[in-house]
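J.: Chain order of the listed sequences is A and B. Residue numbering for the first sequence follows my numbering, beginning at 1 and increasing consecutively. Residue numbering for the second sequence follows my numbering, beginning at 110 and increasing consecutively.
I should point out that these hints are in silico values taken from the structure, not numbers from a laboratory. Treat the numbers as computed from the prediction; the structure is a model and nothing was measured. The C-beta atom is built at its ideal place from N, Cα and C for all residues, glycine as well. Take the hints with a grain of salt, since some may be wrong.
[To be verified] On the chain B side, residues computed to face chain A include the following (Cβ under 10 Å):
{"hint": "1", "residue": "Ser122"}
{"hint": "2", "residue": "Leu123"}
{"hint": "3", "residue": "Leu204"}
{"hint": "4", "residue": "Ile208"}
{"hint": "5", "residue": "Met218"}
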Amino acid sequence: MKVTAQPTADTLTLLLDGELDASSAIVLDTELAKPDILNYRKVLVDCAKLSYISSAGLGVFISHLQRFQDANVKLVFFNMQEKVFNVFEILGLDALMTIVSTAAEAEAA
Amino acid sequence: MKSALRIACSRRSLQQVRDFVRNHLSSRQLPEVTVNQVVLAVDEVVANFIIHANAEDETQFLDLKLDMNDHDINVEIADNSSTVYLPGQHQSPDLSEYIRQGRKGGMGMTLVNRLMDRVEFFTRGNHTVCHLSKHIF
Chain A
1 MKVTAQPTAD TLTLLLDGEL DASSAIVLDT ELAKPDILNY RKVLVDCAKL SYISSAGLGV
61 FISHLQRFQD ANVKLVFFNM QEKVFNVFEI LGLDALMTIV STAAEAEAA
Chain B
110 MKSALRIACS RRSLQQVRDF VRNHLSSRQL PEVTVNQVVL AVDEVVANFI IHANAEDETQ
170 FLDLKLDMND HDINVEIADN SSTVYLPGQH QSPDLSEYIR QGRKGGMGMT LVNRLMDRVE
230 FFTRGNHTVC HLSKHIF
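Please work from the sequences and hints to get the whole structure.
T.: Written out as structure tokens, the structure is:
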């Protein structure tokens, strides 16, 4: 699992590459736990190369979501593969998180 | 078609488990979403055995068996330690509350129960065994 951060003035884009499971979730957790992340207005998560997510990966996002909301930082997922979106959908997380199709929609969200 | 795999109780074994399940299912033209659902269910149960039943003790091991026919995928995951691990009755988590609490865990078995058609944990001798099944069409 590789996480690449691409900062701009008010937006941080995180590119996820690989499989997010109970072994690799710590890599993402470390990135989302950085205090500076709350200085951005938006955190966009590019899931194009995220080929797998388990409950441990979902748990990392869930555990930081309230902290982001309290700081008025919007978390937006985009470019999600169908099989990965299906996992969010099965738990009903697609109704609780912002998931859009394209980068343009994510920027506009 | 049957396959078997033995893994050490380490989180690093999870990739090996997923590759094993994917390779086994690749012999059939199943939808990618279906394959991922079976891979995820097995990964979740194995992760629970590794973390909760064996406290990531790499001297312990799990045995996996996969069997697929025209109608079903059947998976057996057997824990070789003598710790009895029987997850409680499945309940739907309140995810809004999980978000409010910043909770990381507690969704794995919910996923397994929603992904598979049959989920059973039982003891065989002093070992815990999990059987998972999913209908394929």
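J.: Hints numbered earlier in the text: which of these fail when held up against the supplied structure?
T.: none
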